Amino acid sequence: MLKAVNSAPVTPAVSWSFEYNPPMGGAAGEAFTNTLASSGMHPAAVLAREAIQNSVDARVKGEAKVGVRFVAKTLVRAEKEHFVSVSGLGAVRSRANALKINQPNCLRTLGDAAKPLNLLYIDDYNTTGLEGDPTDPDSKFYRFLLSLGDGSKEHSKEHTGGSYGFGKSVYSSNSAILSMFAYSRTLDGDGKPLSLLFGCGYFRKHKFEDEHFTGRAWFGVDVTPEGGLQIVEPLLNDDADRVAAELGFATRGPDEKGTSVLIVDAVVDTDEILKGVEDWWWPRLIRNELDVTVVDAKGKQSFPRPKKREDLKPFIDAFYLADGQSPPNNKTDFRKSFLKVEDLALGVAGFKLLEKNRKDEYAVEEERLDSVALIRAPLMVVAYYRSWNAQNPPLVGTFFADEDIDDILRSAEPPAHDRWDPDARRLQDATGQSRAIVDRVLRAIKRNLRASQGAASPPPPPRPKKLTMLERTLANFLTPAKKGSQPPVEASSAPINLFYDQEPRAEAVGDKLRLTAAFSVKLKAEEDVDDMVARVRVTCPVIEDGQSGDDLRLSITASADLETDPAKEGWSRFVLTQSSVKFVCESELYDPLWTVKFVPEVEPAGQD
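When you line the sequence shown up against my numbering, it's residues 5 to 612, in that order.
Calculated from the structure, these hints are not laboratory results.
All values derive from a computational prediction rather than experimental measurement.
Warning: the hint list may mix true and false statements.
[Claimed, not checked] No farther apart than 27 Å at their CA atoms in a straight line, the calculated lysine-lysine pairs in the DSSO-like style are these:
(1) K69 / K311
(2) K363 / K317
(3) K119 / K77
(4) K279 / K77
(5) K572 / K601
(6) K302 / K119
(7) K344 / K516
(8) K360 / K279
(9) K335 / K311
(10) K450 / K335
(11) K360 / K335
(12) K312 / K360
(13) K601 / K344
(14) K450 / K360
(15) K601 / K586
(16) K312 / K69
(17) K344 / K450
(18) K77 / K304
(19) K335 / K317
(20) K69 / K317
(21) K77 / K302
(22) K304 / K119
(23) K119 / K104
(24) K450 / K572
(25) K302 / K279
(26) K601 / K516
(27) K104 / K211
(28) K528 / K586
(29) K526 / K601
(30) K360 / K317
(31) K311 / K279
(32) K311 / K363
(33) K279 / K363
[Stated by the list, open to error] Simulated restraints on C-beta separations:
(34) T78 / E230: 42 to 48 Å
(35) G30 / P426: 31 to 37 Å
(36) K196 / Q107: 44 to 50 Å
(37) A249 / A434: 51 to 57 Å
(38) R246 / A68: 25 to 31 Å
(39) L191 / K344: 38 to 44 Å
(40) P426 / N396: 24 to 30 Å
Note that beta-carbon positions come from the ideal geometry of N, C-alpha and C, so glycine has one too.
Can you make the complete structure from the sequences, with help from the hints?
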């Protein structure tokens with residue numbers, strides 16, 4: 005059991021201890037730093053996302069909003085010499101050749117007092133700190149600094165941001181020597197005040213003085229029993245507070261709980277951190293549920309101001325639309341509430357039409373045109389989602405997920421928490437409902453964005469009849485209480501006939517409905533052609549507020565070979581002759597309260 009050492013008159017011997025390679029193997033130090041290294045985002049953005057997420061997840065219920073400070077410091081001369089001595093970095097430098105750390109880094113110049121050493125402190129406030137008994141594997145100290153891939157958050161009842169246990173890697177990965185210190189004021193397992201300090205290095209596995217090491221290293225008190233397993237404990241209470249002060253950590257008051265992390269030999273720029281905070285945490289900032297301060301090495305304080313960013317303002321306007329704070333006008337501003345699935349609310353989206361500035365340019369970056377900011381309970385932007393080509397008129401959107409599906413969406417996120425993946429392994433369940441919900445959300449986002457674009461677009465100029473969509477057939481709206489026959493197929497100058505073998509009808513399957521239909525297409529007999537390449541698309545949209553909304557998934561069987569049409573998304577090509585090609589369609593099960601329509605479309609493949 006860990007014992008407090010605050011009564012000792014002298015700080016116990018503290019140093020770096022490197023983990024010996026265990027007989028049965030184990031995670032190498034690199035495993036703690038590689039997870040988020042290739043997320044595709046700027047390292048400063050990843051740091052801003054993950055560090056604040058860790059703090060938000062540790063917020064104290066009922067307390068004031070979470071506060072986070074990023075403070076950069078540059079040490080030279082006496083300050084540097086003192087820090088190097090207290091931090092024990094000489095032990096790391098002594099095996100630099102074996103560690104093979106990427107250059108440049110500070111190890112070779114530790115003894116050069118004139119060479120600056122860059123540090124970055126990240127302090128949070130109104131959080132729980134690393135609470136619990138540090139020796140307990142369920143404590144926050146243990147999960148934050150000693151375990152890897154701990155998914156405890158996934159099973160939490162709280163709507164947290166993280167769930168994989170890899171968020172810690174963002175600190176070491178922004179250190180040129182892969183090292184960090186953590187200092188926390190918190191409560192122990194018995195609810196008593198506790199200060200603790202611990203250092204961690206996450207290096208590659210290596211051999212040093214004929215011994216094999218995993219690459220993990222700890223700065224603390226080595227209490228390994230003779231012949232026993234390696235144990236390194238953190239400094240506690242007065243000793244932790246004293247050494248933390250010597251390492252440059254901000255002093256905390258007796259009841260000022262929270263955690264501070266020090267990134268040694270930091271390689272991240274504070275201006276980029278500030279931009280990352282604005283890019284990804286603007287929803288929580290504009291809700292006034294987060295305070296962030298960024299201090300550069302010269303002591304200049306900066307604060308995120310996302311509302312001042314012209315490229316973020318349209319997304320913020322869309323958020324206010326989704327959140328109900330701004331009324332939509334259905335011309336440039338749109339609000340779309342998604343239909344429930346299995347009594348689970350999905351969420352609400354807002355869409356904002358973009359306008360050009362005085363330079364005849366859009367303020368939003370090109371890669372974010374037509375994108376939708378994905379947001380759930382922690383109020384961090386998960387991604388600026390766009391899986392389609394941008395179209396005119398350009399707009400942006402914000403989707404705010406309902407709490408009903410927050411845990412499902414959290415499980416759909418990879419370790420970097422940068423997308424919602426309907427094929428994520430953690431979504432697996434007996435019914436497949438979780439995957440279906442994520443897929444439904446993503447498809448509904450695209451459908452509602454396109455509907456908003458269509459409503460915002462000026463009416464297209466009239467086109468010659470021979471160039472119009474051929475034989476588009478719309479079924480009557482299908483509801484449980486209303487039945488109707490299909491409208492007759494209109495005459496067309498197109499060389500294709502489309503006719504129903506079975507008109508669309510809704511069939512009860514338990515407490516759900518399923519739509520079925522069958523139709524055939526063939527060349528008109530009077531046409532002087534034997535065959536042609538045609539394209540077909542069949543959709544079954546749900547009607548929302550009088551407009552086509554999300555599409556139901558369809559199972560389609562055809563009597564001809566269908567190939568994906570590379571020229572038009574969502575269409576398939578096939579060879580059409582005087583003999584008819586039959587299509588049999590069946591929808592997924594849907595809520596009996598929904599109104600849907602069946603839309604088959606066919607045209608020559610050469611038509612644009």
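Check each numbered hint from earlier against the structure, then list the numbers of those it violates in ascending order.
-> Failing hints: none at all.
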